[in-house]
Amino acid sequence: MSAELPVDPVALREEVKSKYREVATNPHGEYHFHTGRMAAKKLGYDAALVDRMPDQAVESFAGVANPFSLRPLQKGEKVVDAGSGAGFDCFIAAQLVGSTGRVVGVDMLSEMLEKSRASAKRLELDNVEFREGIIEKIPVPDGWADVVISNGVINLCADKKQAMQEIWRVLKPGGRLQFADIANGKPVPSSALRNIDLWTA
Amino acid sequence: MMEEIGFVDVQVGAPADTFGGASGEKNARKFEVYGYPFMGHKPK
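First to last, the sequence lines map onto chains L and W. Heads up: take any position in the first sequence, counting from 1, add 56, and you land on my numbering. Heads up: take any position in the second sequence, counting from 1, add 1, and you land on my numbering.
These aren't lab readings, by the way, just hints derived from the structure by calculation. Accuracy of the hints is not assured; some may be wrong.
[Unchecked claim] Some residues of chain L that are not near chain W, with every Cβ distance over 12 angstroms (derived):
#	residue
1	Ala67
2	Leu68
3	Glu78
4	Ala103
5	Ala104
6	Leu105
7	Lys131
8	Met164
9	Glu167
10	Leu179
11	Asn183
12	Glu185
13	Ser206
14	Asp237
15	Arg250
[Unchecked claim] Straight-line distance between alpha carbons at most 20 angstroms, and here's what the computed EDC-like set of lysine to aspartate or glutamate pairs gives:
#	chain 1	residue 1	chain 2	residue 2
16	L	Lys228	W	Glu5
17	L	Lys73	L	Asp198
18	L	Lys242	W	Glu26
19	L	Lys97	L	Asp107
20	W	Lys45	L	Glu222
21	L	Lys97	W	Glu26
22	L	Lys134	L	Asp202
23	L	Lys228	L	Glu192
24	L	Lys216	L	Glu60
25	L	Lys216	W	Glu4
26	L	Lys228	W	Asp10
[Said to hold, decoys possible] Ranges of calculated distance between the beta carbons of each label pair, as one might list FRET restraints:
#	chain 1	residue 1	chain 2	residue 2	range
27	L	Glu180	W	Gln12	28 to 36 angstroms
28	W	Ala15	L	Ala104	35 to 43 angstroms
29	L	His88	W	Val9	33 to 41 angstroms
30	W	Glu4	L	Pro128	17 to 25 angstroms
31	L	Glu78	W	Lys45	39 to 47 angstroms
32	W	Ala15	L	Lys242	15 to 23 angstroms
33	L	Ala67	W	Phe32	19 to 27 angstroms
34	L	Asn240	W	Gln12	29 to 37 angstroms
Built from N, CA and C at the ideal position, the CB exists for glycine as well.
In isolation and in its complexed conformation, chain W is listed as follows (with noise of 0.2 angstroms):
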């Protein structure tokens, strides 16, 4: 989606296990949800 509105150079870091030990570990795991960092730029 980023790209479709136009960023460019779009980046994505490494997963994050944002659920793990919380109490939304189990449906997390089940559809393997993680936390993600995001970049993109505006062209100039």
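Pulled out of the complex, with its shape left as it was, chain L reads as follows (with noise of 0.2 angstroms):
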């Protein structure tokens, strides 16, 4: 473990995927942030675009704010979605670029990406795909995507710095990211942040 991180990131990431295998398997269980479309009304996505989609592919999302409500995305944008979940973001974003733009969903947990793979085939959406990663290593080509989007996924990677320098690398010259992500405006003891179960309590 590097001496400038708070934890382990192996073992962060090994906390995150099992608190999230939990939000993808039992969605309606007990957690300590809302989801589905509580969560998303919640956070002022379009109902437009949210009504429209069936169940599965909303109950498991678990976003933390809107990554849309600074700059709706275009027509024809080529999208990286950088820990996507059970694929929530991915729906709204392939309904706002089209049949011309492209989106790519980026999770670790293969019951995620089941999901949404499964959602993306009932809702026929032939813009979207899903890929297995991490956000510390993405798998898309440099240079590829014109918008990255994220929601809540950063605050719980151990070093945000290369999670940030791995959406540069995919963004192309004059891309953009747009990210959803939780900020304290009080600090939190170095103990709490040294213990890898309150990263994800």
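Once you've looked at the hints, go ahead and assemble the two chains, each given alone in its own frame, into the complex.
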């Protein structure tokens, strides 16, 4: 583990996997965050885009804010969702970029990938695909993306700088990063930062 | 950190009460945790 990182990145990744595997398979369970349509409504997503999705495509959504709120995606854009979960933000993006655009969702959990692929098939979206990977090593060529989106993922990375550098790599010059994440107004004690159990609590 | 990497025209949107009404609300209030949208551009 790097001396500069508060926790071991691999151990943290396993903890995150455990938590979000549960969100994939038991979306209506008790969590410290909102999920599904309740979360989408609370975070201000466009109801017209959400309402047309089947429950399967929405129920495991666990985002923390709306990455589309500062600027809508444009028709024809190529988008990467780093940490795509069950695919909710990808399905929003796929509707916005249209048939001339392309959306690649990247997630490390097989349960999430399986669910997102099934939902894409059900939605008959042929401009979206899902690939296995992690935000620190996105399986997309250099300079491919017009836009990288992410929602509630970077805060769960021990090495945020590495994640940002990887996003930078896949963005084309002139491309943009639109992500949603949490931030704290009061400092969290260093003892809590070193406690992996609290990162996903 | 975004600017350190090289992103320009960085914007932060309005906060969302991400944990309000959820079981994580107590801790979120304690540390003033909110969700935010962020945007930055990679220069041409």
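Any Cβ of chain W at or closer than 12 angstroms to Leu68 (chain L), or is the non-interface label fine?
-> Holds: least Cβ distance 18 angstroms, greater than 12 angstroms.
Check on Ala104 (chain L) being off the interface with chain W, judged by Cβ distance over 12 angstroms | 19 angstroms, holds
Does the structure keep Lys73 (chain L) and Asp198 (chain L) at a Cα separation of 20 angstroms or less?
-> Violated, at about 27 angstroms.
Take a quick look at whether Lys97 (chain L) and Asp107 (chain L) sit within 20 angstroms of each other, Cα to Cα.
-> Status holds; Cα separation ~10 angstroms.
Ala67 (chain L): least C-beta distance to chain W exceeds 12 angstroms?
-> Non-interface label on Ala67 (chain L) holds, nearest chain W Cβ at 21 angstroms vs cutoff 12 angstroms.
20 angstroms limit on alpha-carbon distance, applied to hinted pair Lys228 (chain L) and Glu5 (chain W) | Given pair Lys228 (chain L), Glu5 (chain W) holds - Cα atoms ~18 angstroms apart, limit 20 angstroms.
Given the hint that Lys216 (chain L) pairs with Glu4 (chain W), does the C-alpha gap stay at or below 20 angstroms?
-> Satisfied, since the Cα-Cα distance of roughly 13 angstroms is no more than 20 angstroms.
Quickly compare the C-alpha distance for Lys228 (chain L) and Asp10 (chain W) to 20 angstroms and report which way the hint goes.
-> Holds - the C-alpha atoms of Asp10 (chain W) and Lys228 (chain L) are around 16 angstroms apart, at most 20 angstroms.
Range hint 29 to 37 angstroms (beta carbons of Asn240 (chain L) and Gln12 (chain W)) holds or violated = 20 angstroms, violated
Pairwise hint evaluation, Glu26 (chain W) against Lys97 (chain L), where the allowed Cα distance is 20 angstroms at most | Within the cut-off at roughly 17 angstroms; holds.
Determine whether the non-interface label on Asn183 (chain L) survives the test: each CB of chain W must be over 12 angstroms from its CB.
-> Given that every Cβ of chain W is farther than 12 angstroms from that of Asn183 (chain L), nearest at about 22 angstroms, it holds.
Take a look at whether the Cβ-Cβ distance between Ala67 (chain L) and Phe32 (chain W) falls inside 19 to 27 angstroms.
-> 23 angstroms, holds
Hint compliance for this structure: hints 13, 14, 17, 28 and 34 are not met, and every other hint is.
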